[in-house]
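K.L.:
Chain residues, written in single-letter form:
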Amino acid sequence: MKRWFFAAALLVLVGYLLGGSVWLRPFGGPVRSDMDRYFIENAQAEVAANNVVTAIVFDYRGYDTLGEATVLFAAVVGVVLMLRKVKG
Amino acid sequence: MSVVVRTVSRVVVPVALAFGAYVIMHGHLTPGGGFQGGAVVASVVALLVVAFGAERWRRWTHVLLPLEDTGAMAFVILAFLGLGATFFRNVLAGSGGLFGAPVPWPGPNPGALNTAGTLPLMNWAVGLKVIAGLGAVVILLSLFGREDG
Numbered sequence: 001m002k003r004w005f006f007a008a009a010l011l012v013l014v015g016y017l018l019g020g021s022v023w024l025r026p027f028g029g030p031v032r033s034d035m036d037r038y039f040i041e042n043a044q045a046e047v048a049a050n051n052v053v054t055a056i057v058f059d060y061r062g063y064d065t066l067g068e069a070t071v072l073f074a075a076v077v078g079v080v081l082m083l084r085k086v087k088g
Numbered sequence: 089m090s091v092v093v094r095t096v097s098r099v100v101v102p103v104a105l106a107f108g109a110y111v112i113m114h115g116h117l118t119p120g121g122g123f124q125g126g127a128v129v130a131s132v133v134a135l136l137v138v139a140f141g142a143e144r145w146r147r148w149t150h151v152l153l154p155l156e157d158t159g160a161m162a163f164v165i166l167a168f169l170g171l172g173a174t175f176f177r178n179v180l181a182g183s184g185g186l187f188g189a190p191v192p193w194p195g196p197n198p199g200a201l202n203t204a205g206t207l208p209l210m211n212w213a214v215g216l217k218v219i220a221g222l223g224a225v226v227i228l229l230s231l232f233g234r235e236d237g
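Each protein sequence line maps, in turn, to chains C and Z. Here my numbering is used: the first residue of the first sequence is 1, the next is one more, and so on. Here my numbering is used: the first residue of the second sequence is 89, the next is one more, and so on.
Keep in mind that the hints were calculated from the coordinates and are not lab data. Be aware that one or more of the hints could be misleading.
Stated by the list, open to error - Reference excerpt, derived from the structure (chain C facing chain Z, CB under 8 Å, subset only):
| no. | residue |
| --- | --- |
| 1 | L17 |
| 2 | G28 |
| 3 | Q44 |
| 4 | A48 |
| 5 | N51 |
| 6 | A55 |
| 7 | V57 |
| 8 | A74 |
By construction, the Cβ of each residue, glycine as well, lies at the ideal position given by its N, Cα and C atoms.
All chains should be modelled from the sequences, with the hints used to inform the complete structure.
P.N.:
This is how it looks when you write it as structure tokens:
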């Protein structure tokens, strides 16, 4: 019974993966391209940065970078707490 | 490590440091930025740890950990600069002052360092944070498991 359940789950998963790779959208053809077109056309004028990726990461989506920095900070704090020298 | 490794790392370290500084400073012009350049410089720390042993870099963690906090604080303060409009508003872009110049011309252009407002400053802050944080983590992890801890 359990084995059949796992076989069915595996089949469904494989089906999803196969379908996803068969009906993959062509590279460079997103579903909605309004957002990327806006960034590409306006990043140089609004942020004055040639690197649009940096303009998005540090300006348009600064919150995302703040979260990334927080993750790194938490990782460093965790390592320092675990591996510090304990007296006595 | 052997003499070969130590000699080669003496040659590689200045080059890698210069490349990391370049990636951080030109983050708003070329591919890269604070995270990537910081990772390059942190790999220099890893190379030093492998070549010369972790023990002699133990004292560095006392410098690197406050530096990491400094970078994080600088990043958040730069984000608060734009609070007149919104959090993370790029107040320096196009203001004509520090990093306030517009791009030379729209479209593909060679780029100028004095552009992009708070982006270079944020790249430096994040770069400092990643250098110090990853460097301290590499040193501490390589010291882990010894008798003297």
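K.L.:
None of the hints should be skipped; say for each whether it holds.
P.N.:
Outcome of the hint check:
no.	hint	verdict
1	L17	31 Å, violated
2	G28	18 Å, violated
3	Q44	5 Å, holds
4	A48	5 Å, holds
5	N51	5 Å, holds
6	A55	7 Å, holds
7	V57	7 Å, holds
8	A74	10 Å, violated
The structure fails hints 1, 2, 8 (numbered hints given earlier, in ascending order).
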